[in-house]
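S.K.: Listed in order, the protein sequences are those of chains Z and B. When the letters of the first sequence are read in order and numbered with the working numbering, they come out as residues 1 to 234. When the letters of the second sequence are read in order and numbered with the working numbering, they come out as residues 1 to 399.
Treat the hints as calculated values from the structure; they're not laboratory data. What you were told as hints is all true, and nothing was included just to trick you.
Output of the computed footprint for chain Z on chain B, the stretches with three or more beta carbons under 8 Å from beta carbons of chain Z:
1. 8–14
2. 388–398
Here are some chain B residues pointing at chain Z (derived, C-beta under 8 Å):
3. M2
4. E300
5. A306
Beyond 12 Å from chain B on every Cβ pair, some chain Z residues (computed):
6. P6
7. V18
8. T31
9. E35
10. R69
11. D74
12. T126
13. E184
14. E185
15. L189
16. E207
17. Q208
18. A210
19. R220
20. N223
21. P229
Since this is a predicted model, take the numbers as computed values, not measurements. The C-beta atom is built at its ideal place from N, Cα and C for all residues, glycine as well.
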Amino acid sequence: MSNGAPVIDLREIVKTYVNGPIELEVLHGVTLRVERGEYVAIMGPSGSGKSTLMNVIGCLDRATRGQYRLDGVDVSGLDDNALAEIRLHKLGFVFQGFNLLGRADALSNVALPLFYAGVGGRERRTRAMAVLAQVGLEDRAHHKPSQLSGGQQQRVAIARALVNDPAVLLADEPTGNLDSATSEELLQLFANLHAGGHTILMVTHDEQVAGHARRIVRLRDGNVLSDTPAAARA
Amino acid sequence: MMYAGEAWRVLMANTVRSLLTVTGLIIGVGAVIAIQVLGHSMAGAVAGALGGMSDNTFVIFPNPTQHNVQAASIHLRDLSHVASDVPGIAAAFPLAFTTELVHVGHRSGRYGIYADSPISINSTPLLYGRNFTDSDVTSASHAAVISNAAYIRLFPGGGDPTGQSIYAGDQRYVIVGVLQAPTSGLLPPLFVHDVSIPWTTYISQYVHGTTIFAARFMVADPSRIPALELAVENELRALHGNAPGQEYQSFDKAQITQGINGVFNAMTMVVALIGAVSLVVAGIGIMNIMLVSVAERTREIGVRKAIGARGAQILAQFFIEALILCGTGCAIGLAIGLGIGQFIDRVYILKLTGYVAPIPWLSSLAVAAGFAIVVTLAFGTYPAYRASRLDPIEALHYE
Chain Z
1 MSNGAPVIDL
11 REIVKTYVNG
21 PIELEVLHGV
31 TLRVERGEYV
41 AIMGPSGSGK
51 STLMNVIGCL
61 DRATRGQYRL
71 DGVDVSGLDD
81 NALAEIRLHK
91 LGFVFQGFNL
101 LGRADALSNV
111 ALPLFYAGVG
121 GRERRTRAMA
131 VLAQVGLEDR
141 AHHKPSQLSG
151 GQQQRVAIAR
161 ALVNDPAVLL
171 ADEPTGNLDS
181 ATSEELLQLF
191 ANLHAGGHTI
201 LMVTHDEQVA
211 GHARRIVRLR
221 DGNVLSDTPA
231 AARA
Chain B
1 MMYAGEAWRV
11 LMANTVRSLL
21 TVTGLIIGVG
31 AVIAIQVLGH
41 SMAGAVAGAL
51 GGMSDNTFVI
61 FPNPTQHNVQ
71 AASIHLRDLS
81 HVASDVPGIA
91 AAFPLAFTTE
101 LVHVGHRSGR
111 YGIYADSPIS
121 INSTPLLYGR
131 NFTDSDVTSA
141 SHAAVISNAA
151 YIRLFPGGGD
161 PTGQSIYAGD
171 QRYVIVGVLQ
181 APTSGLLPPL
191 FVHDVSIPWT
201 TYISQYVHGT
211 TIFAARFMVA
221 DPSRIPALEL
231 AVENELRALH
241 GNAPGQEYQS
251 FDKAQITQGI
261 NGVFNAMTMV
271 VALIGAVSLV
281 VAGIGIMNIM
291 LVSVAERTRE
301 IGVRKAIGAR
311 GAQILAQFFI
321 EALILCGTGC
331 AIGLAIGLGI
341 GQFIDRVYIL
351 KLTGYVAPIP
361 WLSSLAVAAG
371 FAIVVTLAFG
381 TYPAYRASRL
391 DPIEALHYE
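Generate the whole structure from the sequences, applying the supplied hints.
M.R.: Dropping the structure here:
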């Protein structure tokens, strides 16, 4: 699977929403490639189409036109079940609002994708615990989300995103609900994951946060405005 | 099973709501099972009573409301003709009893003295001794078979009383057999023979005149009873010169059983109706709360789908939740139904019939499990399907 092909390869992606007689084209032919191991921030004002682009990249939505290859697989024409399979094995989602299951402890939250992948109970716990350790929360494995701080909850969410060893980690405003000190810690974690070889795609409107990425893609009105390396950080 | 554990946590997080949701199911299942328990006891009591009645006999008597009762009256002499002329009839004798003061030593009581044959109308097993033999009948011996109740009253010291004498009026009889206690108190008095004597003896001692109220016929093959009843009625008409009118009525175990089965079938229909109504009412409540649950957890469903859950897996989650909800309700209903059924059994049915059926575990479990499965399938499927069809993007942004 890991030939030299880009992990994300979007070509002329057009997304049109149809609502009765009204057609609204949100993406006007976006072409974007992300190579393995890159750390990319996608920026843009609201209405720029970055959420729509994220949904397409995240296989939650299908492009109206254009071709999308994810980790070498053309996902443009896949059905719902096939897309679920792709999300399960090739993508890891981190949301602004953490979106952990409140009733389940950290370990169960992290193990959930493994359950959907059909991994047995014992292996689920072992693997989930290993990933929790990776984000520094092995001693919080049996805490409920309500017993964890925002930063810790987001770490659990990151562990959940990583547990199936995805090709890309998709983060949508991951620090949006966190104070600046916690945000810094979390961004450090992303940096470490990047250093460890993970491919990260992050949507943010915060220049400070985007500055942690190695490459910034700016969108405006459904087009790529600019695609530049981020300033190197100390 | 992770679905089940998760579903249980969800339901227990809303204990009161979950309990209220399944109240209808609890009442429905409880009512059906309680009625089932009572029905079992009643059916058992009746079966016990009928079990005490011989398969090999039937009774014929003139229809008392007919125009010319006189012409139809059965004469003593008719019986020997029927016994010899109708193939399949082993014996024919009067259905008759008389009441006498019976005593043994100082103990006494008023008991019915019944005419009977080697095959008794009462098939209750023997505690001591033997039934009549053919020679008891042919020789019109003074042998007696006594009931358990009479035995206990007349022989308080217990022990085998066969060979001892009892006195009925001015006649002396020798006890040859003692019956066991009947299993059911529902046995009609006509079939509880306190003192039986051979029918030939009965005729010579107690029958005066020539017409009798009703006749009993013994047969070797119970399956031929309906045909033999007709044959005997025709023979009686012929013996009376085929006078116009002459209507007879017959009476046998199969007829009684049929009548009682009709009552039980009607009862079963009522129970089924209660079940069906409560099933629908309970199901609608469950469907309602499952739809609420799906709506409340739209965001959770979105997250699950985003991290890779397939529609079928979401469907399974909510379906199993509905199944556990229904299963729990039915289990509670099962317990309550058995409890109420047992209570009424012990307090009322036992007094009424002297018999209580064992708890019908298998059919009760079948009813409870059947309710749970049917309600889940009928009313849990749609909410689960709706959850599985949610669009992940919309679900994720649901507030």
